[in-house]
Every structure is written in C-alpha cells, then in structure tokens.
Amino acid sequence: MSPLAGYLLVAALLFSVGLAGALTRRNAILVLIGIELMLNAANLNLIAFWRYGPHPEALTGMMFAIFSIAVAAAEAAVGLGLVISIHRHAKTTDLDAMNRMKG
Amino acid sequence: MSIVFFILAALTVAGALAAVLLKNTVHCALALTVAFAGLALLFLKLDAQFAGFAQILVYIGAVAILVVFAILLTRGSETPKDGVYSRGAIAGLVIAAGVFAVLGWAVLQSVGGLPHESGPAPAVTVLQIGQALMGRYVLPLEIVALLLTAALIGAVIVAMHEKEEAK
Amino acid sequence: MQETISFTPQLAASPIAGILWLIPAVPMVASGVIALLKQPKRRTAATLAIGSLGFSLLIALAAFAHVLGGWSHGQAVRETVNFTWIQFGTTNVDLGWVLDPLSAVMLVMVTFVGLLIFIYSTGYMAHDENFTRFFCFLSLFAGAMLGVVIANSLLLLFMCWELVGLTSYLLIGFWYHKPSAAAAAKKAFMTTRVGDVFFLLGIVWLFAQTGTLLFYNGGAGSMEATALGGLLAQHAAWGLTVAGAIGLLIFAGAAGKSGQFPLHVWLPDAMEGPTPVSALIHAATMVAAGVYLIARVYPLMQAGALTGGTTAALTVVTWVGAFTAVFAALIAVAQNDIKRILAYSTVSQLGYMMAGLGMGGVAVGMFHLITHAFFKALLFMGAGSVIHGAHEEQDVRRMGGMRSAMPLTFATYGIGMLALCGVPIVFSGFWSKDAILESAHGWPVSQAPYYMLVFGAVLTAFYMTRQVSYVFFGQWRGHGHAHESPKSMTTPLAILAIFAVLLGALGTPAWPWFRSFLNGQAAEIDLHAFAEPAWLMLLATSCVIVIVGIGLGWLLYGNKSPKAEAPDVLEAAAPLPWKWLSHRLYVDELYGATVIAFYAWWARVSDWLDRRVWGGAVSAVTLVFRGWAHLNRFLDTNVVDGGFDKGCEELSTSGGLLSRVQNGRVQSYLRLLALGFVVLVAFLIWSSRA
Chain P
1 MSPLAGYLLV AALLFSVGLA GALTRRNAIL VLIGIELMLN AANLNLIAFW
51 RYGPHPEALT GMMFAIFSIA VAAAEAAVGL GLVISIHRHA KTTDLDAMNR
101 MKG
Chain L
1 MSIVFFILAA LTVAGALAAV LLKNTVHCAL ALTVAFAGLA LLFLKLDAQF
51 AGFAQILVYI GAVAILVVFA ILLTRGSETP KDGVYSRGAI AGLVIAAGVF
101 AVLGWAVLQS VGGLPHESGP APAVTVLQIG QALMGRYVLP LEIVALLLTA
151 ALIGAVIVAM HEKEEAK
Chain U
1 MQETISFTPQ LAASPIAGIL WLIPAVPMVA SGVIALLKQP KRRTAATLAI
51 GSLGFSLLIA LAAFAHVLGG WSHGQAVRET VNFTWIQFGT TNVDLGWVLD
101 PLSAVMLVMV TFVGLLIFIY STGYMAHDEN FTRFFCFLSL FAGAMLGVVI
151 ANSLLLLFMC WELVGLTSYL LIGFWYHKPS AAAAAKKAFM TTRVGDVFFL
201 LGIVWLFAQT GTLLFYNGGA GSMEATALGG LLAQHAAWGL TVAGAIGLLI
251 FAGAAGKSGQ FPLHVWLPDA MEGPTPVSAL IHAATMVAAG VYLIARVYPL
301 MQAGALTGGT TAALTVVTWV GAFTAVFAAL IAVAQNDIKR ILAYSTVSQL
351 GYMMAGLGMG GVAVGMFHLI THAFFKALLF MGAGSVIHGA HEEQDVRRMG
401 GMRSAMPLTF ATYGIGMLAL CGVPIVFSGF WSKDAILESA HGWPVSQAPY
451 YMLVFGAVLT AFYMTRQVSY VFFGQWRGHG HAHESPKSMT TPLAILAIFA
501 VLLGALGTPA WPWFRSFLNG QAAEIDLHAF AEPAWLMLLA TSCVIVIVGI
551 GLGWLLYGNK SPKAEAPDVL EAAAPLPWKW LSHRLYVDEL YGATVIAFYA
601 WWARVSDWLD RRVWGGAVSA VTLVFRGWAH LNRFLDTNVV DGGFDKGCEE
651 LSTSGGLLSR VQNGRVQSYL RLLALGFVVL VAFLIWSSRA
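Protein chains in written order, with my numbering: chain P, 1 to 103; chain L, 1 to 167; chain U, 1 to 690.
To be clear, the hints were calculated from the coordinates, so they are not data collected in a lab.
Since the model is a prediction, treat every value here as computed from it, not as a measurement.
Treat the hints with caution; some may be incorrect.
Claimed, not checked - Chain P regions said to be covered by chain U (calculated; three or more residues, Cβ under 8 Å):
#1 64-72
#2 87-98
To be verified - Counterexamples of contact, computed for chain P against chain U with all Cβ distances above 10 Å:
#3 Gly-6
#4 Thr-24
#5 Phe-49
#6 Glu-57
#7 Glu-75
#8 Ala-77
#9 Val-78
#10 Met-101
We put the CB at the ideal spot given by N, CA and C, even for glycine.
For reference, chain P alone in the conformation it holds in the complex (with noise of 0.2 Å):
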C-alpha cells in the first residue's frame, strides 16, 4: 500500500469522526467541533495529495490547505458568535430543543 493511501485512508477516518461527531451530539458546540475536524481531513486530504502529487513546486495543494484553514478560522467566529447568541435567546444549546422550522 502507497503512503497516500495511508494518509487517504487517516483522513477518510478523521472526517467519518467528525461526520458522526456532527450527527449524534446533542450539543450545538459539538457538532461544531465535529464539523471543524471534517475540514481538518479534507485539509489532510490536500496536504497528502499536494505532497505525492505531481508538481509538487506548483504548491497548489499547499495554498488551498492554508487558505481552507484562514476560512475555517473565520467559519467558525461566526458559528460559535451564533451558538453564543441563541444560547441567549432559548437559554439552551440542545439541538433537538430546536424545532422552529419544523413543517
């Protein structure tokens, strides 16, 4: 087995974590968690890619992974800002107390 299909296989493994991390949680601030550790393997995902690549002196894979990390960054400002605000407003974090939309 290729050293890239090792990584793959790591991030393919990081990202169902954090996948069911998102889905099971009752937590808004665990399926944040959750969401940050799938962008985390797909950046894995591109580092891997970008070093077993061709044209690695391209340093495309490498970009992409650092601009991915300045959006998760920012993502995740707004995210927890929100999290904070409703806390405010329903007193409560719990998702399955948040039905509103519910049609």
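Since chain P is already given, all that's left is putting chains L and U on it; use the hints.
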C-alpha cells in the same frame, strides 16, 4: 509506511474520537486540541512546514480557544437530562460508518493508481509561498481578506446585539 | 250501341278555360270565410254561400256557352289547362282541368241544382242553431264536387273525391249529438273507403303503366290513343288486359261512391242528415260522381272493344248496375220512412245509370244522370217539405191526405214521381230511361239485363205509387195540422219541376241533342225516328210498365189509409218475403257478422299485440337501459369516484407521512444529506468500476 506515521495517525484519530465521545464538553474541546496538534505533526511529516505551523497558530491558537470560550459562555445546562446523544443518533452513526466505507472503498479501489514511492521532498521556502501569495494567488488572498473582514464585522454585530438585549 | 268519340284536341286554351279553376275555388274560399264567422251571422253565411255558388253558376254558364258555340260551328271542343305539381327527378305529377261537353254539362247541372238547394236550405234550416256551420260545409262540398267535375288529372279528381267524401261525412253527421247520425256518418265514410282503396290501386297502377295521370294532354294523356294502346298490349290476371283491370279497380271506387251492390249499405243510413243534404249529395251530385267518373274514364273502360262489341270491364259494370237496380227496388217496396224509400230509389236509379253506361255509352248514362238529378232533388226537397209540414214526422204510415193541405208540394212532388216512374212522352225520366232500355235491348252479350231493368221499372212505379198514396191520399193519420212550406222552399221545387219536364226534350230519338253534343257531332231533327218499329216497341213496353206499376200500386194502396200499426197489405199477403225486404235483405246484418266482427276481433288482437308484444319489447329495451344506467352509476360511484377518493386519501396520507421528515431539527437534515452523499458516491464508484 513508517512507524512515525502510525503513531501520529493514532494520536490524531484518538484525539478526534475523544473529541466526539466525551461527556464533558470542555474535555471534548481539549481533545480537539490534541487532534489539531496531531494533524499539525502530520503536516510536518508531509514536508508542509508552513501549513503545519499555520495549523498550530490558527487552529490550536485561535479556534480551540474560541471553542473553549463558547463552551464556558454557554454553561447554563451542564449535562442534558436525556443524555448527550440526540434522538436518532444510531442512524447518524450508521450513516457515518457508511460514509467511511464508501470513502475507504474509493481509496482502496484506486490503490493501483497511486504512486508507491514518494518523490524527493519538495524544497518549499517561505519566500516561495510569499511570492505565490502575492503573485498567482493574489485574488484568493484578497477575497479571503474580505471574508475575514465580513466575519469579523458579523461576529461583532452578533455580539453587540446580544449586549443590547442584556440591558 | 257505343260510338267511338273522336275529338280534335285544341292546344290553345280559351280564356274561359283559363279561369275555369275559379268555379270550384270560389265556393271553397267562401267556405273558409264562413268557417271563421261567428254562429249568429246567419245571413252573412247564407249570402256568402249562395253568392259564391251563383258566381260559379255564371262562369259555368259562360263555359257551357263557349262549348256550345264551338259545337254549333262543327268544332269538337276539348280544352285543357295542365301544370306540373311535383317533380321527382324525371317523373312529373301533373294536375289540370278540362273543358269539354261532358264537364260543361255537368258543371251547369251541379251549380244550378246546388244553387236551388242552397236557397231551399235557408228555409229548411232556419230553425237550426248551427245554420252557419251547415252553409260552411255545404259550400265546401260544392267546391269539392265542382273540382271533381273539371279535373283533368286522376290525382286531382281523387283529391276532390276524398274531399267530397269528407264533407259528406260532416253533413251526414251534422246533428252529431244523435248517435244514429254519428254512426251513419262513420258508416258512409268507411264503406266508401273500401271502394276508394281499390280506386287508389287503380290510380297507382295507371301511373306506373302510362307515366301520367292526366286524362288529356295533347296526345300524351292516359285516355288518349298512345297510352291506351300500351295498356291494351299487356295482360293482367284472369284473361283481363291491364286496361280492363285498371278499369275494374276504378269502377270499385265508383261503386262505393255511387252505392252499387255490395257497397250500397251506407246510402239509406245517410238519410240521417238534413233533407237538403240528402237532396244535394245523395241524390243529385255526390252519388252521381261515381257515374261521372266512369264516364270520364270511358276510353279506358271501352279500350279494345270491337265495333258493336263490349269489353270485360263494361260487362261487369252492366251486370252490377242491373243487379243493383232490381235489388234496391225490391227493398224500397217494403220501407216505411219517406226518405228511405227515396234513398233506395236512388240506389236503384244509380244502377240504371251504370247499366246505361255499360251498355249504351257515355251519352246514355249521363242523360239519365242529368234528368235524375233534377227529379230526384225535386223529390227529396218535396219530402223535406212534407216532413216540415207534418211536424218532423217521417213515417209515411203516419201521414196521409196532405194534398189538400200542401197543394204546391203535392203538385211538384207528383211531377217528380211521374218523371221517376218514366211516364211516357211528357216527363224527362221516360226519355232517359227509354234510352237505357233501348241499349239494353240491343246488348250483344245477354238479354237478361233488359228484363231485369224492365222488372225494376215496374217496381219503381209500384213503390212510388205506394209512397204517394200513403203521403198525399187518404186520411190524415198524423198529429197536429199539416201546413204548406214557405216560399223559400216551394220556389225551388217549382223550378225543378219545370226542368223535370222540359229536359226530356234534349234526348229524344228525333232530336238526339244530348248525345250529339257529348260526342261532338251535329244533331239533326228527324221526326221519322219516331216511326221506327224498334222505338215504337219500346214505347209500348214503357206504357205497359207504367200502367202495370201504377195501376197495381193504386189498387193496393189507393185511397186507403190503413192504421200505422196494422200490417201492410203485402205483408199480410206474403209475410216472410215482406220481412226480408223490410229488413233490407239482411245485407247490413251479414256485414256485421262477417266484416265488422272480423274487424273487431282484429282490433282486439292488435291491441293485445300492441300492449303485450310491442309494449313488452319497449319495456324490455327500457329495462336494459335502466339496468345499464344503474350499472353506470354503480361504476361511477364505487369505481371511478371511489378509486379517485381512495387515491386522494393515499396521497394525503403519504404526504402526511413525508412531512414528518421536516421535523425542524438540523441534525436529521444533515443525516439525510450524508445518506444521499453515500448513495451517490457508491453509485459513482460502482458504475466506474464497470
């Protein structure tokens, strides 16, 4: 496949698992930090030094702290009465397993097409990265800047709105 | 002796022929106008009717004068005006009218006698409340009868023929409240209908064979040589040619209208109608229409006869006529109703006319028709006067001695009676009857009709004497006092009496004006004809007939006035024959037992068929449809509607079920997303593997 890789992988995955499984949300946040660290080390192993350090700076230095802040600010309900898992968590677990299966299958399918030996480690200098940022990737850079500004303003507005309500 | 008549047809019609159609049209229009009048407007109705018929009389006289003028110049006048009525593709149905001596003479007779009877009716019906309706029907009848006279097309003749039958029905049943009158009207209509069916068959056959129903059409008519030749060439059943067969069919129609045996049964019953009706329709005109019809189609009847010989059709006509003459005269002997005696007398005289046509030709038959019209109308109107004077009594056994109370009626009635008996020389009836006897004597087929007609003449004299004795001689056996009738009734009587005498002059052997006029030949006065031995023999025979008949009658009934309840002299002498005769030889009873009974049975069968079979079939069809409708409704409610409703319910339920997915929780949405992702990627990989 070296030993280092396995150790690092195990560390990262352990950290991730801990992050999603632990009951105490603060413990989850700390496990997350461990996972981030593991990932940073993996990046370093992959000769992506800049990415690795950026990972440490941003994720561990900012995002994880932010998560901890958020957890601490929303501690109104410690542990919910119905447990930490939501309704239908089993379905979510199964689906996640399915996703892993599919992705793994995709990877293993294409094992033949993947390069066996890694080529020489690319010599990536910060200079090169800087040049790339200002040259080829200047547009994404600017857009990300815009994005960050918007996020900043948005977060402030959200926070400010809260402050007015608190009065 | 029959002569073949040869006319040179004139192609250009004179103006008088052009307006000939007014003669029937004006009385018909008057009838229509009277129909719209209210009942109290009696004077208007009478004026309209009499005025219109008077106008027709004037035109008829003008037409007669025209034909007479042509005849005196040696031209044989026959003018026709024909027009196409209907066209089917290439076949035409034409109508038209004709002006020739036959129609001219008949026109004058009908309008003149009709006018006199109209005037008589104003007096007779003065006390009747339906005066206006009477004149409406009378006028319609007059128009229809005149239509029959001038018709040049067998179809137009038939149409007016039917109209005449209709008005006869209306007038016989004029007092429709009386059940006997209503029954008599129905009987008249239906009996003549039987004859008319055969008549119609004859018309259709003639049209099919010759392609035209016009009598004369410049050589192309059905009574002209070309058509007749074609008809003679073909043979029908029983050894008859087509011409003979059609002739017999047409005679069947004439037999119905003219009361020949066995279709005579309606005429005596028709006396239920008012006396003017009996006089006009059942003495002078309508019953004469049958005789006139035979005269009109005489070329057809006569077709194929060798000179001096006769045809099968004419033989049948003769035998039927002769038999009817004797048959009816026998029955008349035993009747007690004044009008019924005259009715049977009419039937008998019609038989004479038919026999005359069969043996002697058109002129012989028509002459008797004309003279008979006058004296029979006279007799009927006189009878009406008598009935009026005896306060509506009609049984002769309850009258008597009326000659002193009603002298004018007696005088005119006597003249009529003598004319009917054929008293020689003076009266017209003698001359016309004599001509018939002459032709019978010379008939090549058999002498039997001659003896039958002689016997019939004896009977005629006998029963008329009986009637006159009962009514005018002896003692008054009725109730109340008899009185003379008003001038409006007696004046026409007088006029007719004059004609009953004078008309005879037109048909003497010395000056055969009537025959010559009809045949288009010149008439010369030849007094030597009186000296011929054959004619003198006939004169002697007629004298003997009259003496025997009147003498026997006077002997038996003379001045005696037996009580009404006492049996008649003859009845006492020979009760059984008298009973048969007074029951009219049981012909009506025979019909009742056979034809009517069968008809009633058939009506019951038809009714049963209609209700059970056809009605049942209709009900069955209805049931099928109703069943079908029920099935449709069931299908519609349960299958279509039910199915649709069920479908909608399922949709609704499934919608409800599906809406549970939208539970408002983000994680479940995310799960579904991930699930979709898994499926898609799996599909992609799996499909790329292949």
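Checked hints:
1. 64-72: violated (count 0)
2. 87-98: holds (count 3)
3. Gly-6: holds, 20 Å
4. Thr-24: Since the minimum Cβ distance to chain U is about 8 Å, Thr-24/P lies within 10 Å and the statement is violated.
5. Phe-49: holds, 18 Å
6. Glu-57: Fine: 31 Å to the nearest Cβ keeps Glu-57/P off the interface.
7. Glu-75: The claim stands: Glu-75/P keeps its Cβ more than 10 Å from every Cβ of chain U (closest is about 16 Å).
8. Ala-77: holds, 19 Å
9. Val-78: holds, 16 Å
10. Met-101: Nearest chain U Cβ is 4 Å from Met-101/P, so the label is violated.
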